[in-house]
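Asks: Now for the letters of each chain:
2 protein chains.
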Amino acid sequence: MELWIPFTDKSAPFYEQIYRFIKEEIQQGRIAAHTRLPSTRKLADSLGVSRSTVQLAYDQLVAEGYLEPEPYRGYFAAEIDVLLNLGQRQEERWSPMTGDGEEGLAADTRAENGEEDPSGSAGEPGRASGEGARFWVDFSPRGIDLDHFPFHTWRKLSRETLTMANKSLFTSGNPQGERGLREAVCRYLQSARGVMCRPEQVIVGAGSEYLLMLLNQLLGSSPIAMEDPTYKQAYRVFQSLGHRVVPVPMDKSGMEVEALRASDARIAYIMPSHQYPTGIVMPVGRRQELLAWAAEGGRYLIEDDYDSEFRYRGRPIPALYGSDRNGRVIYLGTFSKSVAPAIRVSYLVLPETLEARYRENCGFYASTVSRVDQEILRRFLEEGYFERHLNRMRGLYRNKHDCLLAALEPLRDRFRIQGDMAGLHVLLESREGCREAELLERAAVVGVRVYGLSEYFLAPDRRESHTVILGYANLTAEEIQKGIQALDGAWSK
Amino acid sequence: MELWIPFTDKSAPFYEQIYRFIKEEIQQGRIAAHTRLPSTRKLADSLGVSRSTVQLAYDQLVAEGYLEPEPYRGYFAAEIDVLLNLGQRQEERWSPMTGDGEEGLAADTRAENGEEDPSGSAGEPGRASGEGARFWVDFSPRGIDLDHFPFHTWRKLSRETLTMANKSLFTSGNPQGERGLREAVCRYLQSARGVMCRPEQVIVGAGSEYLLMLLNQLLGSSPIAMEDPTYKQAYRVFQSLGHRVVPVPMDKSGMEVEALRASDARIAYIMPSHQYPTGIVMPVGRRQELLAWAAEGGRYLIEDDYDSEFRYRGRPIPALYGSDRNGRVIYLGTFSKSVAPAIRVSYLVLPETLEARYRENCGFYASTVSRVDQEILRRFLEEGYFERHLNRMRGLYRNKHDCLLAALEPLRDRFRIQGDMAGLHVLLESREGCREAELLERAAVVGVRVYGLSEYFLAPDRRESHTVILGYANLTAEEIQKGIQALDGAWSK
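Chains as they are written, first to last, in my numbering: chain L, -2 to 490; chain B, -2 to 490.
Simulated from the structure, these hints should not be mistaken for laboratory data.
Any given hint could turn out to be false.
Put simply, identical chains are the same to the list, so a pair is met inside one copy or across any two.
Subject to a maximum C-alpha distance of 30 angstroms in a straight line, what follows is the list of computed BS3-like cross-link-like pairs (lysine-lysine) [to be verified]:
{"no.": "1", "residue 1": "153", "residue 2": "164"}
{"no.": "2", "residue 1": "164", "residue 2": "397"}
{"no.": "3", "residue 1": "164", "residue 2": "479"}
{"no.": "4", "residue 1": "39", "residue 2": "164"}
{"no.": "5", "residue 1": "20", "residue 2": "249"}
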């Protein structure tokens, strides 16, 4: 087919106009289902734009389900009636240009409940999509790069796992998770995170929220200290489980120990390797102070190590668990960031002090991850695929990270850049005291979505923020550059 | 290879001697890994036993991982060192001849925590295998027939699901479960169970235990009434979540409403379609009484419909949920029995009275089932595979069920047979007042494992039992016949 797109809207960038035009053609049925669209090169040539511009539009249309890519064949228009049923899914998909106008809790939930989330939860159900093109770049801190998910390997492993010889995989498994997978997790943690543990200490579960529910039955619902700002999804879980949450302010090293000591908290939930959202990496001194606090009163530290795989400067920092001599640290790990949120596999490493209590109180709970999925992941880990995947993703993310920092150079005089040592997002703090809300508004005017730090705060009095969060994991280099350019302009006015 | 098995042990049946001999040959390395064993026919001929006798031994060796079956090629000796790592798995596999000497809680846990369990949990972790041949027939009430699991279909669907076009399946999904799957569940429930509901009321989760955890956050931990005897795994969950459990005695129609009214319970957990373990099918009158009890006080009934798919006599009985006019029934369904325990998919259907509270209190919890698994199951349901599978399994189970009842004829003068209308197990009550413990002991002497009803009781004073439970789902017709013959002899002494 031939496509001629009139670039009438001078204010909107080319990608957006191409995206909007094709989306409407499909919605109106003017492009029939199963019609093959022009190749990105062909369309780019005929429109006189860059091929990556067309690619970006196509990617978004795929992400929203309007186009279906077929390997080696190209892009095809999807069936609309199917799309209608997909209403919800669209909302949950990563999509650089998708956003919605909701503010307050909804926006907050989105900002926290998406792919970023170790347990991979999404926004509230039932929210219809729409306004798909309000933002043409979305610096979502919750995305991961799925274009490089090892589908081929995953499909191969799953095919090889589903054989009659493995029929036992369809019978009940070990409540803690299959031993083979737990052994693989132990080996990974020892080599990559300096965590020495036995398979008996590992509990495999479908997402961090579920594991926190289990933990709640081990620890009881005593007051729990959280870094402020923090990972809101964990906050919601603790609250709904009846914990009283004590927000503890942070300094540049992390949770302030004085404030923690002043509280009656028996448990502290922390992210020492790369605090979310501040990106702070907790120095050894602070770690020792927190370990001491825990050791004194028979207290516990929950170490959420959600994205430690991605670190770009300095030597990798071992997990806090590794330096705990008193069995006070509970390690929470996940494959949501390192593989994909939707494989739904997280794990706890219990200190020996809790092993017996776990067997007694929770030993009867069946694992929430299917044995087939556990076996696929075990092989992914054991046969070297995971390591190769991680190295590859580290490289990809580092490139995006460096691209972002380069693009941010012109803004350095007006903004302080934080949390750029690791992870998949950075923070920009206005040196001129420009308020967060204004930064978000001005960004929205030029069609760029950024996220405010204030949404991550627990204590209301700390919500006066001048900081925005930029995630880059699911953006292309071009999107990052163009997006930052647009922000530079918007914030210079 | 040639195999000559000396049948030295006159007391043990042929299967067991064949099984033991080959197992030891492999353990000792006298049969090397990857060696192809004689075909069942060849070995049967050379030993002068029936082919099914050899088959039974091979099946058990496969179940315990000593042999690996290869389609069209035969049986091969497995690698021992691999087997050592499988120590735990062996324990968790269904295996007609496997048993262990543990009594009390352990035995109780086994009797409840196995495949029978809607949430598909297993025995406690870390328990070593061994004594693999103490029982040559195990009438476990927790088994399902996995020899007829539709592997080919499952593999096909999983292969077709894992494509680049579906990459969005690896991003976060809908917290309640993907809409497509929830719609499929609604359609199934309407046609098969008389349950009318909207996808918004359905919550997909990884196992019934997880869904009961969620429910706990909806209903709070008020006193909960349970049928006595009942499904112990649910009892453990409620207890560990801090509910006070009120055991309510049963008459032939199910939970006694007078006793329920006398209690302060606000919630009642019941299995009206086929009570576990008694097999009682609750008549309409009793259902109405319970619905009235719930409607009066704004109370709730949790209807666990764990194995309603399998019913052999009379017309199918619709779910209690369908006759609830006041939004007091919470429906709990599972695919553990109807597909396989290890796919880890169960679901709740909330009454409209609880929808809003769910969104508020639990709406942020991510679904614990991976989107890939949800999509595979959706297609399994939507494309007719599930219906065909169910019809097939119904036929298979009915045959085993009829075979069991036929074999039991000679015992009818000494035993009352109960719960034979549906499900995958029946109860035998001694008319001569022979105590349960003695029945179990005598059965064990002849190498047959049966289960005592007393282990399912909550109130100690009701533990004086004369009833044993016979499950038959994972036994062959020959095992059932030979097993019952042995029991007849053992219990005649």
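Asks: Does each hint fit the structure? Answer for all of them.
Replies: Checked hints:
1. In this assembly of identical chains, the alpha carbons of residue 153 and residue 164 lie at most 30 angstroms apart whether taken from the same copy (18 angstroms) or from different copies (16 angstroms).
2. Taking the shortest Cα distances, residue 164 and residue 397 sit within 30 angstroms of each other only across copies (21 angstroms), while inside one copy they are farther apart (43 angstroms).
3. Taking the shortest alpha-carbon separations for residue 164 and residue 479, only the inter-copy value of 25 angstroms comes in at or below 30 angstroms, while the best intra-copy value is 52 angstroms.
4. Only between protomers do residue 39 and residue 164 lie at most 30 angstroms apart by alpha-carbon distance; the minimum there is 25 angstroms, versus 49 angstroms within a single protomer.
5. Proximity of residue 20 to residue 249 under the C-alpha cut-off of 30 angstroms is found in neither arrangement, the shortest distances being 46 angstroms within a copy and 62 angstroms between copies.
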